[in-house]
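Asker: First to last, the sequence lines map onto chains H and E.
Each residue of the first sequence is one higher than the one before, starting from 1 at the first, in our numbering.
Each residue of the second sequence is one higher than the one before, starting from 1001 at the first, in our numbering.
One or more of the hints may lead you astray.
[What the hints assert, rightly or not] Pair ranges (Cβ atoms, derived):
| no. | chain 1 | residue 1 | chain 2 | residue 2 | range |
| --- | --- | --- | --- | --- | --- |
| 1 | H | Q316 | E | S1024 | 44 to 50 Å |
| 2 | E | D1054 | H | P118 | 44 to 50 Å |
| 3 | E | K1055 | H | D266 | 52 to 58 Å |
| 4 | H | R139 | E | S1015 | 26 to 32 Å |
Hints are computed from structural coordinates only; laboratory data are not their basis.
Here the structure is a predicted model, which is why all the values come from computation and not from measurement.
Even for Gly, the Cβ is constructed at its ideal location relative to N, Cα and C.
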Amino acid sequence: MNATVEFYTVQPKDAPAEREDIRRLLAANDLELDDQIEAFVVCRREGRLVACAGLDHATIKCVAVAEDMRGESLSLDLGSEVIHLAAARGQFHLFLYSAPHNLPFFRGWGFYPLVEVPERVVLMENSPVAMERYCDSLRAQRRPGQTIGGIVLNANPFTLGHRYLVDQAARACDWLHVFVVKEDASLFSYADRYALVAAGVKDIDNLTLYPGSDYIISRATFPGYFLKDKGIVESSWAAVDLLLFRDYIAPALGIDRRYVGSEPFDAVTNSYNVQMKHWLQQTPSGERPVTVVEIPRASSGGVAISATEVRRLLAQRDFGRIAALVPATTLQFLESKFPVNHTVQ
Amino acid sequence: MKVTKEAIAGTLESSDLLVKVAPSARGTRDIVIRSEVIKQFGKQIKHVVTDTLDKLSVSGGSIVVEDKGALDCVIRARVQAAVLRACECKELEWEHLS
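Model the full structure from these sequences, guided by the hints.
Answerer: Following this line, the structure appears as structure tokens:
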């Protein structure tokens, strides 16, 4: 009666046969295998792969249970296994992507919905209170005023272009809230990026600088952002990130406009700007719209300043040209961190 | 005992519960209980969780309980396990676990 059911962990990169079985199970459930997944919990019943759940850092995705195995306790076991796998890997604050119709299923795993992109995807997290507590901490920072602006910067690294954007926004607003993307997935570490932004905006009085969070352009809320060098663009991921901003962060701080630099070079960032207008401004939502203000990029010698260009020049140790693109504080940091004599030709 | 890191204990299976413990930013003790039988047994579950935490002298931390209809003794054991992991407890005081 009781067929042997076995759970174990698979690293898809090292196990091509397992990976193929997983891919097939996912395909039967209209899901694609996500290559960012580092580990899968899989379940075999008498040798057949009947369930899987993938883990990409703190995010659970690619969850599938074979049709004939549903309605039993198997799915709850699968949930327990993947939550324990995450804990063993040091991840406790977990996110999960699901198709909207499966939301009740993942409620049983102790996940709670944050935002939904209608008919596409729901982002859930494994706490009924974490977002509320985060918003409480933001609300404590609210500032009075008619026009309250918000900016999210990756600043990889902080340039005169960022400086121009922040400066223009601060002039136009009673108060400006600036967030630095926290994820350590860029050339410069989060600590360095944050320090350079802090140094670069120190003289602006009507501004609060925030550390990033899991809810603002993180690997969990917007995985595509960190894959942009590979040219992978997933538009619905941008929607999740933007809806979090509109439904939670903006209301908590009273932000009514979000500032962004125009994007002439980078396809992902440009598509993000287009998406931003759609999800912050046009889509109906319980929360009031956030106006998107696109500021033309500052330029130097007729060319728009970009962090991408700074990184390109840095690879050549061309500090002469970098000096025209970044504030003195950033230049100093780059010169000390990337000595010229270490250049590899 | 002081909660110094995040920890979990338990499962999502029927008659069990999953307990998540984490340090709290404000230093307060925040308990959140979700249960399939919250209407019938919510008060009793809260009582068992609070009492277990008190006996272990846990004054701060975020404690989230996902209950699947567990008995009191199971709730007590899972809360203890999660707290002891979260406090990186090396030496057990057995009388506090009874």
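Asker: Enumerate the violated hints, using their earlier numbering and listing them in ascending order.
Answerer: When the structure is compared with the hints, only number 4 turns out to be violated.
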